[in-house]
Each structure stands twice: as structure tokens, then as C-alpha cells.
Amino acid sequence: MSPNITALVLLIASAGVAFGLVSPQYAKYQVLSESKVQYQTAADQAKKVREVREKLISSAANISNLEKDRLARMLPDTVDTVRLTIDITGIASKYGILIKKIDVKPDEKNANSAMLVASPFATAQKAQSFNALPISFTLNTSYENFNSFLSDLEKSLRMIDVVSISVVPNQVGQYDFSVAARTYSFVSGTAPMVSSKTSPVSAAADDPKVKVLLMLERLSSLKLDRGFFDSQLFKNLRDFGVEVVAEPKGRPNPFAPIGQ
Amino acid sequence: MDPKMQSSFIPKTSISADRGGRSSSTVNLFFLISVLILIVTLAIAGFFFFYNANQQKQIDTITASLIASEKKDYSEPIVDAWTALDKRTRAANEMLQRHYAVSSLFKLLQDLTVKNIRFTRFDFTLKDDAAEKTSISLALSGEGRSYNAVSYQSDVMKSSESLDDALFSDIRLDEKGNILFSMKASVDPDLTSYKKLFIAQ
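Residue numbers (my numbering), protein chains in the order written: chain A, 1 to 260; chain B, 1001 to 1201.
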């Protein structure tokens, strides 16, 4: 074979290698380089996740179970209407006040949402992760006793905000008080792994890089603020809850008069 | 004449033979360059191949460590528990900041009521909207022993920093000679703030 032809064949082979091997490998190199940067960033974020996680473990350990119980009492998952009635009547009974009837709207989250939409307080509530339940009751007592009762109600750990009071005198020294108030329940709604910022990439949520980013975003948003539990404002709230004592159960005829 | 001396300028070797020599050296250079190009191209391909394999290996190592951290550090139940605790704490704090202590309203009324005045009806309504604006309206009915007492009561109410737009109306005499009146006012929301009351105490 003539040297010229051989050289030409070699050049063609070089071109073949350039296009067939170098070019795809270079393209892969570019993709891998970019990908490696992303993975290295993710590895750095994973380190941050561990740091944030350690801090959160420490912060969570600094909040005692008693404080968590008080918090749950202040803002329960659902409002137990019977216990709420017991709490309010318990405070009232300290001052010899008899509340004959307390109206509490049941804590149905969905039904409540409908109510909240109609309420001007709705937007703020939704943003603040709690539902408000209206309560109303009437009572008849002296002005002094009502004032003491109201003062205790304000300091109650079970958060009750009085929003309306009507007072009408009915006897000497006695008054009819109509009270409207609201209590609150917590809307847990645990945040999903996919944040609003990255929701379009929900399909990529299985990607370890995305998971790290989402976890870092989620953990970084948590504070577990001890300051709230240390605040005098919270500490000053009093638990007027009455312990419900177990009673004998089992009746052959549940409709028979009590005592028979 | 010296036979070695060339008497003619016409070369005795053929032109074609001379050309053939120059062509051969050109072909050799061309061949060498071609070989060099092929070697360099193969070397570059080899470099990228091994470099990429190394890159991929590093990425696989990082991926494995990310998956390992995910299993170790991203325990969903504990993160969910922290999220719920954090959210509940924030919500409770927000509620406490907005908590109302309306007993202060009665304290205000006790301080402002003139001795010769009594109230016969009290209606208070608190409204808070999405913009976190709280409005408190107060409607009272009462009676006084004299026009002077009612007039002074009006002055006292109007001069109170905690009441706005105090308006007395429906002033009339009852059968016993007492002066009946109605009053409306809006209340400064700060007055009913539990937080402010607590700090003041």
C-alpha cells in the first residue's frame, strides 16, 4: 500500500476515533463533571443536615415531656368538648357559679375549614396552624365573682379567648352574663418532603441529591424554640384541668334510673 | 578539456528521478503526522475514558454515602415529630401573643364610672380580621342621678386614652327622675392584650 494511502487511512481512523470515542467521552465528561459538582454540593449539604440534626436532637432534648404535655394541653390536636366543659365549669365552681349550658361547636377539621373561610380570622388561623372553635355560655352571678372567673379563664392553660360579653342585671347584686369565646385546636399537617419551591421536581424526589436538599430545607426551617417554654407568659398559664377519675362500669339495664 | 567538467547546464540525471526523491520524503512526513494524530486522538479518548470512569466511581461513592446518611439521619418519624412540635410551639406562641384579657375592660369601667352613674347593660364585641387588626366595640346603657353626672361621665369617657369615639345618645328621663342614656365607644385593643397586661403587672 502506498504510504500516502496509509496516511490517509490513519487520518480517517483518527477522525473515526475523534468522533466515535473522544466526542461521546467528552460529552460524558461534561455531564459527569457537572453531576460531580452537584453530588459534592449534596455531600456538603448532607454534612449540614447532620449538623442541623445534631442541634435539633439537642434542642428537642431540652424540652421536657412535662413542657410538651403543657403545650399539648394549651393547643390540643382536637378539642374534647366534654373536658372543655369540665374545665370551664371547674373554674366557675371555684366562685360558686353554676353554668347550666355550654355550647361548643364540635372540632371537625373539615367542617371547621368551611367555617373558617367565612370568618375574617380565617386567613390568619390557616397561616398559624390552628383552628378556632366557638364556645358560648350564660351564667348568673355577682359582678365580683364573674370578674374572678373571667380572670382565671384568661390565665387558663387551655387557651380561651373571650370575644363577646353581655351583662344585664336581673336581681340585686346578680347579673346575667352571656359570654362568647373561642378555644383552639392544632392543625398538624406535617410538611411533606417536597417543598413548594421544588414541587415541580417531585418526580425526582427519589434522587438522593434532591432528598438531601429537601431534608436540609425542612430541618433548617425547624427551631424547637426553648424560649417559648421559658417565657413567663407561658409559665404563668395555669392548668385548671380536672383529673377524670375512673368509675365502676357495667349495667344490666343501661336505661334504668341511675342508682337502681 | 577536463572530462569531469560539465560542459552543459543540462543535468544528466532525469527530472523524474529527482522528483521521486522529494515525493518520498513528503509522504513519510505525511505518514508520520497521520500516525501522530491517531496516537494523540487515541490518547485523548483513553484519558477521557479513564477519567470518566474515575469520576463515575467518585459519584457512586458519594451516592452511596448519601443513601447511607439518608437511612441513618432522615428518620421520617423523628423529623415528623420535630416538625409537629415546632409547628405547635410556633402556633401556641402566636396564640399567646394575641391572647385577650378582657377583664381589663371591667377594670377600666370601674375606674371611669362616676359615683352617681350606674350601668344597666354592657355589650362588648371583639373582632379580629385576617390582617390581624383587632377592633373592640363597647355598647353601654346606664342611668345617672342628674344631667350633670351624665355630662361628667361623658367627659370622663371621652378623655380616656383607652376609649375612642365615645358617643352618648338616647338621653331621657325615666319615671323616677333618673337620666337614662346609651353610650358607644371603641376600645384600644392594647387594653385587652394579655401580654401587655402581664408585662404591666
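Hints are supplied without guarantee of correctness; some may be wrong.
[Said to hold, decoys possible] Derived list of chain A stretches under chain B, where covered just means 3 residues or more per stretch with a C-beta under 8 Å from a C-beta of chain B:
1. 81-90
2. 94-102
3. 249-260
[As the list claims (entries may be wrong)] Residues on chain A that point at chain B, a partial pick, calculated with CB under 10 Å:
4. Leu21
5. Lys36
6. Lys47
7. Leu56
8. Leu150
9. Met215
10. Glu243
11. Ala246
[Claimed, not checked] Calculated cross-link-like contacts (lysine-lysine; reagent style DSSO-like; alpha-carbon spacing at most 30 Å):
12. A:Lys55 / A:Lys68
13. A:Lys235 / B:Lys1127
14. B:Lys1057 / A:Lys223
15. A:Lys155 / B:Lys1196
16. B:Lys1071 / A:Lys209
17. B:Lys1195 / B:Lys1133
18. B:Lys1071 / A:Lys223
19. B:Lys1071 / A:Lys48
20. B:Lys1196 / A:Lys235
21. B:Lys1057 / A:Lys155
22. A:Lys209 / B:Lys1057
23. B:Lys1158 / B:Lys1133
24. A:Lys235 / A:Lys68
Simulated from the structure, these hints should not be mistaken for lab results.
All values derive from a computational prediction rather than experimental measurement.
Heads up, the beta-carbon is just placed ideally off N, CA and C, and yes, glycines get one too.
Going through the hints against the structure:
1. 81-90: As far as the region 81-90 of chain A goes, the hint is violated, because 0 residues have Cβ atoms under 8 Å from chain B.
2. 94-102: violated (count 0)
3. 249-260: n = 0 at 8 Å, threshold three: violated.
4. Leu21: Interface hint status for leucine 21 of chain A: holds (4 Å vs cutoff 10 Å).
5. Lys36: Holds - the Cβ of lysine 36 of chain A comes within 10 Å of chain B, reaching about 6 Å at its closest.
6. Lys47: holds, 9 Å
7. Leu56: holds, 6 Å
8. Leu150: holds, 5 Å
9. Met215: Since chain B brings a Cβ to about 5 Å from methionine 215 of chain A, closer than 10 Å, the hint holds.
10. Glu243: violated, 23 Å
11. Ala246: This interface hint is violated because 29 Å lies over the 10 Å limit.
12. A:Lys55 / A:Lys68: holds, 18 Å
13. A:Lys235 / B:Lys1127: holds, 27 Å
14. B:Lys1057 / A:Lys223: violated, 37 Å
15. A:Lys155 / B:Lys1196: holds, 13 Å
16. B:Lys1071 / A:Lys209: Holds, at roughly 14 Å.
17. B:Lys1195 / B:Lys1133: holds, 16 Å
18. B:Lys1071 / A:Lys223: Between lysine 1071 of chain B and lysine 223 of chain A the Cα gap is close to 23 Å, so the pair holds against 30 Å.
19. B:Lys1071 / A:Lys48: OK: lysine 1071 of chain B and lysine 48 of chain A at ~16 Å, within 30 Å.
20. B:Lys1196 / A:Lys235: holds, 16 Å
21. B:Lys1057 / A:Lys155: violated, 63 Å
22. A:Lys209 / B:Lys1057: holds, 16 Å
23. B:Lys1158 / B:Lys1133: holds, 23 Å
24. A:Lys235 / A:Lys68: It holds: about 12 Å lies between the C-alpha atoms, which stays within 30 Å.
In this structure, the hints that do not hold are numbers 1, 2, 3, 10, 11, 14, 21, in rising order.
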